[in-house]
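Start from the sequences and build out the full structure, keeping to the hints where you can.
Chains as they are written, first to last, in our numbering: chain B, 902 to 978; chain C, 902 to 978.
Keep in mind the hints are simulated off the structure, nothing from the lab.
Don't take every hint at face value.
Same chains, same label: a pair holds when it works inside one copy or across any pair of copies.
No more than 30 angstroms apart at the CA atoms, straight line, and that leaves these computed lysine-lysine pairs for DSSO-like [what the hints assert, rightly or not]:
id	residue 1	residue 2
1	915	963
2	971	915
3	963	977
4	978	964
5	977	964
There are 2 protein chains.
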Amino acid sequence: ADKMTSTPENMTCKEYVDLNPKSWAPVALWVTSQDTQFKSGDWVALSEQSVAEAPLILEFCKKKPEGTLKDYLASKK
Amino acid sequence: ADKMTSTPENMTCKEYVDLNPKSWAPVALWVTSQDTQFKSGDWVALSEQSVAEAPLILEFCKKKPEGTLKDYLASKK
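Here it is, written out as structure tokens:
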């Protein structure tokens, strides 16, 4: 798969809301981990953080469907 | 989000094939990293591996739409 077509690099908020809910946490993990260097990374902690982050992204995206997941990341700073 | 509803724990192959393609690599990462302890984990390597793995999962899943992502993992062993 092409890197740009099989990753959520340019996913819009509307696309996120419309995803199969079972992919919300993995996409959250992917997006929030970009530019991260895992150090003593622990999968359980990372995945639980993503499960917790998914509803925050949804909330942001429902308010701003024309936005992107990058806007969400920017909004956290 | 509930852990079982926002993660692909029980995702079927048909669901994977039907996903928004932009979530293929993140779901691949999630599924293949279960039970992994990241050590000197490096996000670039992990994410590129997932981009490469997505078409393998798709190929498996197109042949066996009634299967699950766990079946894919089992098939690799």
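Hint check results:
1. 915 to 963: both (8 angstroms within a copy, 27 angstroms between copies)
2. 971 to 915: Close inside one copy (13 angstroms) and across copies (29 angstroms); limit 30 angstroms.
3. 963 to 977: So residue 963 and residue 977 pass the 30 angstroms test inside one copy only (16 angstroms; across, 38 angstroms).
4. 978 to 964: Cα proximity of residue 978 and residue 964: one copy only (18 angstroms, versus 44 angstroms across).
5. 977 to 964: within (15 angstroms within a copy, 42 angstroms between copies)
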